[in-house]
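Could you build the full structure based on these sequences and the hints that come with them?
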Amino acid sequence: MQLRALAAVFAAGLLMAAQNAQAAGHSAAAPASIVGDNQYHSITNGGTTSGGSRLALEVEGQCAAPTGYADINTYDPSHASEKWKFFLNPDGTANIQDSCDPSMALTAPTESGGAATLTHRDTNNITPQQKWKVTQDANGVLTIASAATGSVLDSCGTWVAGSTVVVDPDRQHTTQRWTVLS
Numbered sequence: 016m017q018l019r020a021l022a023a024v025f026a027a028g029l030l031m032a033a034q035n036a037q038a039a040g041h042s043a044a045a046p047a048s049i050v051g052d053n054q055y056h057s058i059t060n061g062g063t064t065s066g067g068s069r070l071a072l073e074v075e076g077q078c079a080a081p082t083g084y085a086d087i088n089t090y091d092p093s094h095a096s097e098k099w100k101f102f103l104n105p106d107g108t109a110n111i112q113d114s115c116d117p118s119m120a121l122t123a124p125t126e127s128g129g130a131a132t133l134t135h136r137d138t139n140n141i142t143p144q145q146k147w148k149v150t151q152d153a154n155g156v157l158t159i160a161s162a163a164t165g166s167v168l169d170s171c172g173t174w175v176a177g178s179t180v181v182v183d184p185d186r187q188h189t190t191q192r193w194t195v196l197s
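Everything in the sequence shown is counted per the numbering used here, starting at 16 for the first residue and increasing by one.
In short, the hints are calculated from the structure, not lab data.
In this text the structure is predicted, and so the values were computed from the model without any measurement.
Hints may contain errors.
[To be verified] Label pairs and their in silico Cβ distance ranges:
| no. | residue 1 | residue 2 | range |
| --- | --- | --- | --- |
| 1 | Asn139 | Gly51 | 15 to 25 Å |
| 2 | Ala79 | Gly128 | 42 to 52 Å |
| 3 | Gly165 | Ala79 | 30 to 40 Å |
| 4 | Ser197 | Pro46 | 14 to 24 Å |
| 5 | Asp106 | Glu126 | 28 to 38 Å |
| 6 | Ser65 | Asp137 | 20 to 30 Å |
| 7 | Ala79 | Ala153 | 31 to 41 Å |
| 8 | Pro143 | Thr189 | 26 to 36 Å |
| 9 | Thr173 | Asn140 | 32 to 42 Å |
| 10 | Asn140 | Gly66 | 22 to 32 Å |
| 11 | Gly165 | Thr194 | 14 to 24 Å |
The C-beta atom is built at its ideal place from N, Cα and C for all residues, glycine as well.
Next up, the structure:
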């Protein structure tokens, strides 16, 4: 009997949280469909250049600089540095890897505010900073949060080509929301 009562209280709490999120204008998030689909994707946080071209998450300096920072830059579907595979980890998080050769993992800093970097991906020892919680709302918008800090990918609050991508506290800013380009 106590178990049923506890389940009912839990369900009521989930319902209230969902209703509060809806009332606040946020749609409930679920695990993103691109995680574990075994395909490479280009993603954007909505920015465009002055000429109207989309901006995409990329390896800064393209594949010629395989380690270093992530940034946003003019989308070019032929660039391997702008294609990312979202591997599903056993714990439900994602490991995000570029399609350069050799490929590197998107890595969060150890604390909020730092730049996202590209580091070696050891499939036998994925570091906490290489684990991401990737959720998707009903409109297909992605939030990519560091599993280590809870902070989210952001292009420093701006849409300027070449802007370094950082991991900041989630402020619901548009530069912290991502969509799939391909």
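These are the hints, each one checked on the structure:
At about 18 Å, the beta-carbon gap between Asn139 and Gly51 stays in the expected band of 15 to 25 Å. For Ala79 and Gly128, the Cβ-Cβ distance of about 27 Å falls outside the hinted range of 42 to 52 Å, so the restraint is violated. Remark: the range hint 30 to 40 Å for Gly165 to Ala79 is upheld by a beta-carbon distance near 33 Å. Restraint check, Ser197 to Pro46: a C-beta distance of roughly 20 Å satisfies the suggested window 14 to 24 Å.
Checked against the hint of 28 to 38 Å, the pair Asp106 and Glu126 fails, with Cβ atoms roughly 21 Å apart. For the pair Ser65 and Asp137, the beta carbons lie near 41 Å from each other, so the given range of 20 to 30 Å is not met. As the Cβ distance of Ala79 to Ala153 is approximately 39 Å, the hint placing it in 31 to 41 Å holds. Separated by about 27 Å at the C-beta atoms, Pro143 and Thr189 satisfy the suggested range of 26 to 36 Å.
A hinted range of 32 to 42 Å holds for the C-beta pair Thr173 and Asn140, which are about 35 Å apart. Evaluation of the 22 to 32 Å hint for Asn140 and Gly66 yields a failure: the beta carbon distance comes to about 43 Å. Hint check: Gly165 to Thr194, Cβ distance near 21 Å, so the stated range 14 to 24 Å holds.
Of the hints listed earlier, those the structure fails to meet are numbers 2, 5, 6 and 10, in rising order.
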